[in-house]
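From first to last, the protein sequence lines are chains D and W.
If you're matching positions, the first sequence starts at 0 in numbering that gives the first Met the number 0 and goes up one per residue.
If you're matching positions, the second sequence starts at 0 in numbering that gives the first Met the number 0 and goes up one per residue.
Everything labelled a hint here was simulated from the structure, so no lab data went into it.
Take the hints with a grain of salt, since some may be wrong.
In silico contact screen, one side only, chain D against chain W (beta carbon under 8 angstroms); selected entries [unchecked claim]: (1) GLY36; (2) ARG40; (3) MET49; (4) LYS56; (5) TYR58; (6) PHE63; (7) ASN106; (8) SER109.
Taking lysine-lysine pairs in the DSSO-like style, the calculated list, with each CA pair at most 27 angstroms apart, reads [unchecked claim]: (9) D:LYS88 x D:LYS143; (10) D:LYS45 x W:LYS494; (11) W:LYS487 x D:LYS45; (12) W:LYS137 x D:LYS20; (13) D:LYS45 x W:LYS584; (14) W:LYS466 x D:LYS45; (15) D:LYS30 x W:LYS584.
Note that CB positions come from ideal geometry on N, CA and C, so glycine has one too.
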Amino acid sequence: MSEQINFSQELNDYIAEWKDKPGNLIMILHKVQEEFGYVPRKAALKLTEMIDVTLAKIYGVITFYHYFKLEEPGKYQIQVCMGTACYLKGGQDIIDELETNFGIPVNGTSEDRKFSLEALRCVGCCGLAPVMIIDKQVYGKLTKEEIPGILKKYQ
Amino acid sequence: MTETMIKIKINETELEVPAGTSILDAAKQAGIKIPTLCYHEDLLPTASCGLCIVKIKGMNKKVRACATAAENGQEIITHDSELYNIRKIVLELILSNHPNECLTCQRNGNCELQTLAKEFGIREQVFKPQLKPKNIDKSTTSLILDRQKCISCGRCVQVCQNVQDVWALEFIGRGFNTNIAPAGDLELNESPCVKCGQCSAHCPVGAIVEKDEVDKVWEGLNDTTKHAVVQFAPAVRVAFGEGFKLESGEIVTNKIYSLLKKFGFKAVFDTNFSADLTIMEEGSEFVDKFLNNPASLPLITSCCPGWVDYLEKYYPCCIEHFSTAKSPQQMLSALAKTYYAEKNGIDPKDIFMVSVMPCTAKKYEISRDENMSASGIQDTDVVITTRELVRMTKSSGIIFDALPEGKADSILGEYTGAGTIFGVTGGVMEAAIRSAYYLITKEELSDINITPVRGLKGVKEAEIDIKGTKVRVAVAHGLSNVKKVMNKIKEAKAKGEETPWHFIEVMACVGGCVGGGGQPYGVTNTIRNKRTEGIYTDDKQSKARCSHHNPMVQKVYEEYLDHPNSHKAHDLLHTSYTHRPVYLK
Chain D
0 MSEQINFSQE LNDYIAEWKD KPGNLIMILH KVQEEFGYVP RKAALKLTEM
50 IDVTLAKIYG VITFYHYFKL EEPGKYQIQV CMGTACYLKG GQDIIDELET
100 NFGIPVNGTS EDRKFSLEAL RCVGCCGLAP VMIIDKQVYG KLTKEEIPGI
150 LKKYQ
Chain W
0 MTETMIKIKI NETELEVPAG TSILDAAKQA GIKIPTLCYH EDLLPTASCG
50 LCIVKIKGMN KKVRACATAA ENGQEIITHD SELYNIRKIV LELILSNHPN
100 ECLTCQRNGN CELQTLAKEF GIREQVFKPQ LKPKNIDKST TSLILDRQKC
150 ISCGRCVQVC QNVQDVWALE FIGRGFNTNI APAGDLELNE SPCVKCGQCS
200 AHCPVGAIVE KDEVDKVWEG LNDTTKHAVV QFAPAVRVAF GEGFKLESGE
250 IVTNKIYSLL KKFGFKAVFD TNFSADLTIM EEGSEFVDKF LNNPASLPLI
300 TSCCPGWVDY LEKYYPCCIE HFSTAKSPQQ MLSALAKTYY AEKNGIDPKD
350 IFMVSVMPCT AKKYEISRDE NMSASGIQDT DVVITTRELV RMTKSSGIIF
400 DALPEGKADS ILGEYTGAGT IFGVTGGVME AAIRSAYYLI TKEELSDINI
450 TPVRGLKGVK EAEIDIKGTK VRVAVAHGLS NVKKVMNKIK EAKAKGEETP
500 WHFIEVMACV GGCVGGGGQP YGVTNTIRNK RTEGIYTDDK QSKARCSHHN
550 PMVQKVYEEY LDHPNSHKAH DLLHTSYTHR PVYLK
């Protein structure tokens with residue numbers, strides 16, 4: 000805790016702009032996550048000093064909303080759709096493959112910090128089911144056999 | 000302002016209530032009890048448990064009585080077979096997510112959920128149990144937080160955040176995975192928690208309880224190499240009776256003396272004695288500052304360990320204003336292991352000092368720093384709360400009602416009315432004024448009842464005229480109220496202005512120690528008021544009502560301590576404070 004975390008000028012300006020507005024906490028947390036990819040504990044502590052809010056409140060909000068992350072995500076973000084169509088077409092097999100053969104746990108990060116995995120509800124392209132997304136690149140009609148080849152591209 | 004009254008009908012009973020009255024309160028006035036679990040009079044209704052649903056004629060939706068204001072002309076039904084069934088299902092659902100371990104639970108026989116399950120005749124687990132293993136937080140020496148037993152009613156969160164403004168507890172996570180916890184995977188001892196125990200006093204089930212140390216007390220009592228002695232706090236005597244179906248506020252001091260003797264304690268002391276001693280030390284400290292160094296004022300009282308912890312965490316800038324006088328508990332224990340030990344030729348190491356307190360933070364206080372070992376070893380060995388003493392008594396075979404009136408042991412057992420009022424908000428201030436007036440003027444106050452500092456108002460202010468000099472005092476209780484006072488001081492200090500008050504009394508819990516986190520369950524303002532009344536009755540009935548009139552306090556000074564704030568008094572009866580981080584990691 001001794002070391003302070005540095006916020007970019009943009010983030011500081013944003014906090015200053017929202018400081019006294021209603022609903023400021025959610026807006027600011029979004030911006031913090033945008034900057035760091037997650038909400039580091041030190042950032043949360045720094046926020047308690049910058050806006051009049053307790054750490055308990057911040058964590059209450061962060062842990063309530065699925066969107067906010069408390070841990071630094073891996074280099075690449077894998078999202079696997081578990082909407083009805085993808086689920087029926089084998090979405091779970093994709094997840095199992097990533098978990099068991101590549102050590103990437105759902106809602107977690109691989110040990111080498113390269114990949115994070117998240118199961119999503121419908122991403123809106125059911126025709127391509129099952130769907131996996133890595134950093135906004137969509138892989139449709141996927142089979143688990145294709146996974147090793149795809150992951151190799153992200154080294 | 001005249002209240003607008005509205006007419007309503009509850010289960011065919013017509014009644015008039017002020018506009019804005021909740022259906023729950025209106026029903027109470029009609030002599031009807033609607034079952035509740037999350038609702039508590041001290042807190043805002045959160046409408047989370049769903050047990051208090053009622054029907055309003057002409058409305059399809061059922062509403063929650065705790066969070067719905069009655070409206071003019073409404074016909075409300077609080078009980079019928081449909082509502083009974085719904086409530087029963089709600090209870091069954093709660094039970095599906097609650098361990099079925101009543102027999103080994105600290106709240107056994109005293110649990111609001113258990114009582115409701117009994118009243119609704121629940122005989123089987125209808126819904127498949129959905130229990131997940133959850134961490135038990137045993138990190139503090141005061142409280143145990145067993146999350147599996149939590150029913151997410153939110154009372155602890157509300158009392159911690161809104162009443163105490165401590166924010167140690169929050170709902171972390173959501174849905175089935177919700178945990179009551181400090182922020183960021185911290186344990187309570189790494190969090191802002193001040194151990195006041197209001198969470199435990201408000202929890203309807205056994206999810207947050209005081210750390211039970213009754214066994215340790217029995218062990219010490221049964222250890223033949225030990226000389227076991229005991230003290231109990233002012234607020235214990237007006238609440239302990241509740242454990243034996245006596246009225247709140249009934250004074251049972253003399254029976255407690257007999258009880259503790261029967262337990263086998265070699266000497267029974269009274270914390271009221273050391274409350275008088277605290278006044279001599281703290282009062283003299285105030286008088287000295289007031290006369291010789293007024294710029295160093297305000298002086299802030301320091302008998303409340305929850306408050307000490309809060310100040311060290313949040314107001315390190317005000318440490319210089321904090322009275323260095325220890326709490327009465329610590330003063331008495333220090334004297335027991337020095338003065339009493341020497342006088343009776345006992346090795347302090349052989350003394351086993353037990354303290355009965357209305358407070359969970361007192362369990363923390365005994366080892367908060369090295370000053371709590373003024374005798375060379377830890378001065379207080381074990382602290383048990385009023386609730387623990389009730390349990391201990393019930394298991395001891397002693398019939399409390401049948402006990403004779405006993406006496407405390409001489410010297411460290413004698414007290415004045417000023418000592419006893421330490422148990423209520425405003426009491427320390429009132430006791431201090433009674434003696435400070437004398438110490439400054441060498442004359443007695445004509446009326447020693449300082450009524451402006453009494454009562455449940457969150458922040459009380461008064462101006463005391465000491466022979467033409469005005470002393471401005473403030474009294475705050477409930478840490479959210481304390482914060483208001485402290486922020487004004489901080490502000491004045493930052494601006495280099497004179498602070499608004501000369502002398503400030505703080506107690507962490509609403510009502511003071513009578514409403515402490517270790518007191519018998521079910522506290523409301525009605526009960527706080529009754530206990531408070533008991534305390535003031537005890538004061539009124541006391542032969543002496545000013546600490547400087549306590550002959551035994553004078554004797555201890557003559558024989559041992561010399562005079563208030565002497566070198567020896569400082570060694571034994573005073574302490575120091577440090578800035579502590581709010582979060583340990």
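Hint numbers not upheld by this structure, sorted from lowest to highest: 1, 3, 7, 8, 12, 14
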